[in-house]
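K.L.:
Here are the chains, one letter per residue:
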Amino acid sequence: METPQTTQKKPLFAPIWKTLRMPLLALLAALVVGAVVMVISGDNPLVAYWGLLQGAFGSLEAISRTIRKAIPFIFTGLSVAFAFKAGLFNIGASGQFLMGTICAAAVGVNFEGLPWIIHMPLAILAGILGGALWGGIAGWLKVWKGAHEVISTIMLNYIASLFVSWTVYAGGTQGQQPGPLSDPVAAARAISQTRDVFESARIPPLLPQVFDRVHWGILLAIAVAVLIWWILQKTTLGFEIRTVGENPHAAQYAGIRVGRTMMLSMAIAGGLAGLAGAVETLGLNYKFAPEFTGSVGFEGITIALLGQTHPLGVVLASFLMGSLYGGASKMQFDSGVPGEIIQVVQALVLAFVAAPAIIHEIQRLIFRNRQSAGEEDTPTVHIAPEGGLGGTK
Amino acid sequence: MEESVLEVRDITKQFPGVLANDHVNLQLHKGEILALLGENGAGKSTLMNIVYGLYHPDSGEIYLNGECVTVSSPRDAIARGVGMVHQHFQLVEPMTVTENIILGSEVMRNAVLLNIDAARQQVDDLSREYGLEVDPDAIIEDLPVGVQQRVEIIKALYRHAKILILDEPTAVLTPQEIEDLFRVMRRLVEQGHSIIFITHKLKEVLAVAHRIVVMRNGGVVGEALPAESTEGSLASMMVGREVILKVPKGAAHPGEPVLDVSSLEVTDARGTKVVNNVSFQVRAGEILGVAGVQGNGQTELVEALTGLTRIGGGRITLGGQDLSGGTPRAFTEQGSGHIPENRHRYGMVAPYPISENLVLNQYYKAPFARGWGIRDYPAIDKHAQRLVELFDVRTPGVSTAGGSLSGGNQQKMVVARELGRQLSLLVAAQPTRGVDVGSIEFIHSQIVKQRDAGVAVLLVSAELDEIMALSDRIIVMYKGAIIGEVNAAEATREQLGLLMAGVHPTA
Amino acid sequence: MTQTHSLQKKNSRTGRTALWVGGSAVVFFLIAILVNQTPLKETSLRLFFGRSALNFTLRAAVPLILGALSGILCERSGIVNIGIEGMMLAGAFGAFVVKVATTALPLPLSLFLATLAALAIGGAMAFILAVLSIRYKVNQIISGTVIITLAAGLTTYLFNPDWVSKGKFSNITIPLLVKIPVIGEVLFNNGLLTYLTLLLVVVTQIMLFRSRWGLRTRAIGEHPRAADTMGINVNRMRYINTVIGGMLAGLAGAFLVLEAVGQFKEGMTAGRGFISLAAMIFGNWTPVGAFGAALLFGYTQALQNEFLLAGVTAVPRHFISMLPYVVTIVVVAGFVGRSRPPAAEGQVYESEM
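Residue numbers (the numbering used here), protein chains in the order written: chain A, 1 to 393; chain X, 1 to 507; chain L, 1 to 353.
These aren't lab readings, by the way, just hints derived from the structure by calculation.
Warning: the hint list may mix true and false statements.
Claimed, not checked - Calculated lysine-lysine pairs in the DSSO-like style (CA-CA distance at most 30 Å, straight line):
#1 X:K273 <-> X:K30
#2 A:K234 <-> X:K30
#3 X:K273 <-> A:K145
#4 A:K287 <-> L:K265
Take the sequences, apply the hints, and build the full model.
P.N.:
Structure, rendered in structure tokens:
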């Protein structure tokens, strides 16, 4: 029996808890299973997680690191979530990220003397366009050639990775030409990287007296998340994209150009991932070297689903994942547990968040005597329509 | 008394919100064809699915050959000699006839490999024994529906079914194929099988059944013998009152031609011409009915006339504007409304609220969107409020998901969207499919109202009664072409039936 | 009338494709024989048709063939498996770990145990995929992503760069057959896993189209409801097929570690799992077709290798390395729509019984 008090409380807290419950439980379950993996392989999970927590939130420096990690995650998470809304699976965020990186760097290391107000936005725009091109190619292949986006975006990831490596390639001793963006000074020492981008192309640091290397990109990321939410909910373009995602036939009936909308969605998704690359280059690294490609693979997928494909959920999820990745190095230093365990945890988060039924079963096991509440109305993430790799033609 | 092979006693089945079977009793005798007659939603299919083990009854018993049994699954039913041919065939399209028939009870060469030759022989024997002509090596998807149905029957016979349940078997057949099916049915009962034949078509019942049981609202309302029944008596039993076979409507006052179609062609993915050299006109203020057995190009014709499919040739002119090759939006903008035959596929976005569904093809226009494509939700809701009341869509509110409405209300929602704006042409495809009787009457009256308001109406329906009741003129499609045109006032069922079967009146 | 007509058309189309493919294979091998047996071998044609290119083609194709067979087993039963990449990687790692751990044992036994480990790990990963997809109804592309991420994470986390594996499957020459010019040398002088792979192509083809298991597998991938009503346990078959598929992917990993490279490297599968999927699509979900497609993709990798070995510098090596990926996109884009996936692929099946 419910007391009147709880029924009064319900409307205030229930919706928030209902939305956050599943992602948080998924994260918790993933951490528990991750701990089991650590125990099996002879590591101490308690020491590891304590290190992780400290590394993520233990100091201003740690918090700064968490925020720095979260910035690209927000953009790539938005990229994947946006594609989901159109019924597409963007598994190619890492390739689009790289194209964004290299395009932004190309503008950043050229055009000396441009005023800041022009140079930096121009470099960011170049990054967006680079990513959008890469996403758009996958969209074009899907719409007009029927190639499933999962296969084409993965292949485009490898191609992008090789392409950007070439642009900064230092050259070889047997007459191999250096890449067009290679820094001659570094190349002389056989190091493949670009020159530093000009001061005028950089994204300025945010409160440098408080934070360590946190830049205005974080505010841009949050603003873009709000913008994406607004586009999806409040504009006719958003309606068109969502309708194509929900029911492409009905969208066609409604007079929406389905193919064009899909391609546009894929280009926008690519642009968001490209923006991640641009912001990372212009705000943090100030140059591009192939080893920076690092950790933006499938995180976007996990983040999009952890955030229930809602743009603001994506922001929250990015901070969570950012804290995991941000704390990883400190954890490795403190406890000797390889930081790669975080990738395992991330895979588990993805598994649990995509399969809320597992969480329900766990809940049932733990609270055997109590019916686990609200099972029916747990928000399940809406994702791309089911189907195979056979293409759309 | 004759020997009873199947008997159901007091079967009750409740679905959320619907009492599908309410204490139903039924007997099937050995060697008879029992027609189970009733409207859509009367509970016939539910009852048969219970007998076949697809559903489990809430209460009641099933007796097979006098023995009380629990049928837990189709597997179980098959093992007990009950076979069912569903309305939607349970055939694996890219596999051969033989493979489909033996699936699950394979003829083996050894522990691992199939003995296809022996299986083919068995299929051949069965097909000869019952006059069910079929090529054992044909691929299912290359076969006409009539032959596919034969495969389904052989599938049941291969599993030694003595009781056959045929669920609406004639819905997809030409009159000729229906005759063939009846011949097979008679032969089967001669050889000791028993058949339950589910239908809502009165003529067929009178033609083939030995006994008729009528269902309504989940219960059995009566039993009759064909010799003592007429279509009228059966119809009133089925519907519970005198059926209005005529929709109340006055004479048409056709005006100028609104839609002009000339030499239209549509080619499908396989390169077959599915709409072949079709020409006709629809005038303002008239209803042109398109009759035909399903699958003779009507679907593609509608898709071509609404911009949903690319045309292979010919011209479509709407209100003087050439719209050949136009997009769906071009048609909508030109004042064309479309009630699609498959509302789940085209007509609605199930998870969207009713309000969004009601602006599905108007969302970009004022007042639903302002400059730069910013949507005006209050205007959308207001619009939805008005249409929901006007078209009697029964719903708790306009923010309810469209997909959670009942079939009839979903269809009324689609109709409301299309008829709720100023039209010059209405293309209505199967406008009352899967809809309850009350909603059918409502939708019919709305269509007539549009005609009387001067809208040109193209009505495509597989229900001959619907076509005859609503149309002012009727064209009949056969194999993608128009095989004939008749004046609705003078048309007879026989005349239309012959045309639908491809028999020219001149021949 | 129209039915027989379209049937004929379909037959003639497949016939023409077969003729085309067979014809170009014959021409290819004629040129290959000429290049390897005549003074033509001194020309740059050697890059394209040299014995080493052909050998490398088969070696590069083996993991793709196994991956594609894995995909076929899963997809024919209705489960989309984009996790092949992860299963391969996990299989490779499992083989490597067991190989290192059993160094003290005789080499054949050690290799055998390592291969078993790869099969087991691949199967286990596939079981996770199946549980997520079938029991928990997770979108199958996401379950596949879980497998890929999990495999990448676990193998990096657990990998110790100090471990070294010693010894691999050596080539077994088949007498007489190896004497056939060029073809014999390419086909009949290989490691055990390569022969096993070639055998598996034939076996899978026969099983899929001639056995009870194959009939039922094809049925549940096309129309699970129909199969269910005929007494076939759809989801149990999907579990079994997916796990066998995972074992094949694991075997591909074993091949990489135990026969091709000899060691494990992080991310060593380098997209082979995804290219396998492309081969499966290109091969129209048939083992023999996928075999042909895998050879084509293997050939692009061989070409890439030949160009790099030959020190071709006119084109930067990065662009040469793109070749397999570009060809994959071109083939998938050009061919999809003409091939036909199983109809129920990727859809959850819930029995109503």
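K.L.:
Each hint: holds or not?
P.N.:
Each hint, compared with the structure:
{"no.": "1", "hint": "X:K273 <-> X:K30", "in the structure": "47 Å, violated"}
{"no.": "2", "hint": "A:K234 <-> X:K30", "in the structure": "65 Å, violated"}
{"no.": "3", "hint": "X:K273 <-> A:K145", "in the structure": "24 Å, holds"}
{"no.": "4", "hint": "A:K287 <-> L:K265", "in the structure": "28 Å, holds"}
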